[in-house]
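Undergrad: Each chain, written out:
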Amino acid sequence: MPRRRSTHRALIAAALLLPLAGCGTDADPSGKPAAALPGASFPYTVDNCGVKTTYQRPPERAVTMNQHVTEIMLALGLEKSLVGTAYLDDRVLPRYQKAYDTVPVVAKEYPSREKLLAADPDFVYGGYASAFDAKDGRTRAELKKSGIDTRLNRENCTKGRTTLDDVYREIEETGRTFGVGDRAEKWIAKARTRVAETERELKGRAPRSVFVYDSGDKTAFTVGGRGIGNELITRAGGRNVFADVDKAFGDATWEQVVARDPEVVVILDYGATSVEQKKRRLLNDPVLRDVPAIKNKRFAVLPLSEMVVGVRAPDAVAKLAPQLAQ
Amino acid sequence: MRSRLRYGAVVTALLAALAAAVIAALGLGSVAIPPGQVVDALLPGAEPSPFRTIIVDVRLPRVILGAAVGAGLAVVGAVLQSLVRNRLADPFLLGISSGASTGAVLVLTLGIGATTAVAMPAGAFAGALGALVLVYALARRGGAMTGARLVLAGVTVSYILTALTTLVLVSSARPEHFREALYWSLGGLGSARWDSVWLPAAVVCAAGPLLFALARPLDLLLVGEEDATVLGLDVARFRAAVFVLVSLITAVLVAASGAVGFIGLMVPHAARLLVGATHRALLPVAALGGALALIVADLAARTLAAPQDIPVGVLTALIGGPLFLWLMRARTERGAAL
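As given, the protein sequences belong to chains A and W, one line each in that order.
Taken in order, the first sequence gives residues 51 to 376; the numbers are from the working numbering.
Taken in order, the second sequence gives residues 53 to 390; the numbers are from the working numbering.
Just so you know, the hints here were simulated from the structure itself, not pulled from any lab data.
Quantities reported herein were computed from a predicted structural model and do not represent experimental measurements.
Some clues are possibly wrong.
To be verified - Here are the in silico distance ranges between beta carbons for each label pair:
# : chain 1 : residue 1 : chain 2 : residue 2 : range
1 : A       : Asp186    : W       : Ile164    : 53 to 59 Å
2 : W       : Gly163    : A       : Gly100    : 36 to 42 Å
3 : W       : Asp279    : A       : Leu333    : 57 to 63 Å
All C-beta atoms in this analysis are idealised placements derived from N, C-alpha and C, irrespective of residue type, glycine included.
Turn these sequences into a full structure, and let the hints guide you.
TA: Right, here's the structure in full:
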């Protein structure tokens, strides 16, 4: 019985989609629908995390899941192309708040498959692999069957280390998908200038050795060499002492933290445990008392919501650099 | 006479192995330290250095916690197996670890307390006590506490509390809480520090002789409840009292290390294979074996993937399981029943 019902639903959906498809062809008799837009060139084919998609025209009804990809869309001025957002980590950047408020929130966290389909999207943009979770029937393949194109943030499928180039490429590909490649280029140029400024200021200084504390008592849950966190620290004039751990995150033993002698602790800020609680935990640990960073109380703070392949990355570098240098 | 000789040999061998394991656990780790430096660091009046901190403040308390938790879990497991007359019993069967998890997860998701290092063990202990009270009340309701009632009450409370933990985690919906809760529940000795390791160590040192003194009534229970009653043991009261005692021990251990699995199930069985089921012989061997097993497993946990730490509970099951199967097979091949 459930199976039959789902067949019905698929038939109804197909019936509804048919006239829509007809409209699409009527609208662009020239075959070059979006050529008039600056920065647009269609058809645009992109290979994103192993899913190859050819866009004949920009998506018009996009839903974003996860804060950092929502912000990428807003940074590109694409709020008019959004019909829904979901899953903020903390809050959207103040400069995008007004635009953000014009878009309905589909769900506080991930929407169920039904909720997502109810928003009637033609494009879903996920920040983390969990956005396309199989358990709730939201995989990219399944959405494709419902006629919905998808994009997953590059961070989830980079080979080797994630760098700022991945941030730039994420913005560029998203921009081109929506026919606003020119805006993406402008944003990237600005970001590059910002990062270059920080680089100039740091010139000639030896990098500070940094231990990133995420959480943990039995082990030190920390940032390894693979993720964007390591890149942000490196660009900000730091040297991650656990860069040799070939993961984005990993559990280090406390004796390794002692042995690697970090000069600064970067505390990742998120969730129920406050920065103050984490600081106290480290300062009260007798094992760490001779570690330079603890002895000299040298702490820096990096909000986890900035440690993303998204528009916050260049700002994160600029904000982290003076904290590491002081 | 022969069996006494054999017992002496087993204990001596275990003591020697334990000494070797302690030396290895102090000398080896995720940071390589030359043997000469290890000895220097342990001598009184040594210069402060990172190596000294690592050996004296990281590894030594970790070894002590491992010995205490390993010995404690093994003895509690052996006692519980007799108490409920079920060879599948282990320290976590009766709801204690589930209660501890619920407490720890509540503290974690609500962000209570000055630091997680203090708050999570405290929450775990409180949760374990809550579970103990619940199981006790359920098992005592409407009659004497039989082994079967105790197991049923324990398993039921376990299920309820596990569901509660999951509910709290799911409604908190922060993915990092899942990870932290999982790591916590898998168990590990990495949080061992001098200012906290004394508690589990003292509890195990005090409880060991106490349980050893109960060896005879435990033997009686193993023979059969009717026989035990005939021989003058108030089985229901004895069971209730011992249940409370071993649950309190387990609560302290779980609060200190999380639920390190398999030691409390496997070590008592291995010890029985070596020295038989009489508690006077069994309990000391179980204690030594438990300490040895956990120290060795923890050494593997912090060296195999260095500089990363593997939750030790994963290794106790992964190494202990096959070892245990092999032991059982060797035993059955010789024609004896477990």
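Undergrad: Each hint: holds or not?
TA: Verification of the hints:
1. Asp186(A) <-> Ile164(W): 53 to 59 Å: Cβ of Asp186(A) to Cβ of Ile164(W): about 31 Å, so the range 53 to 59 Å is violated.
2. Gly163(W) <-> Gly100(A): 36 to 42 Å: Roughly 38 Å apart at Cβ, these two residues keep to the hinted range, so it holds.
3. Asp279(W) <-> Leu333(A): 57 to 63 Å: At roughly 59 Å between Cβ atoms, Leu333(A) and Asp279(W) fall inside 57 to 63 Å, so the hint holds.
In this structure, the one hint that does not hold is number 1.
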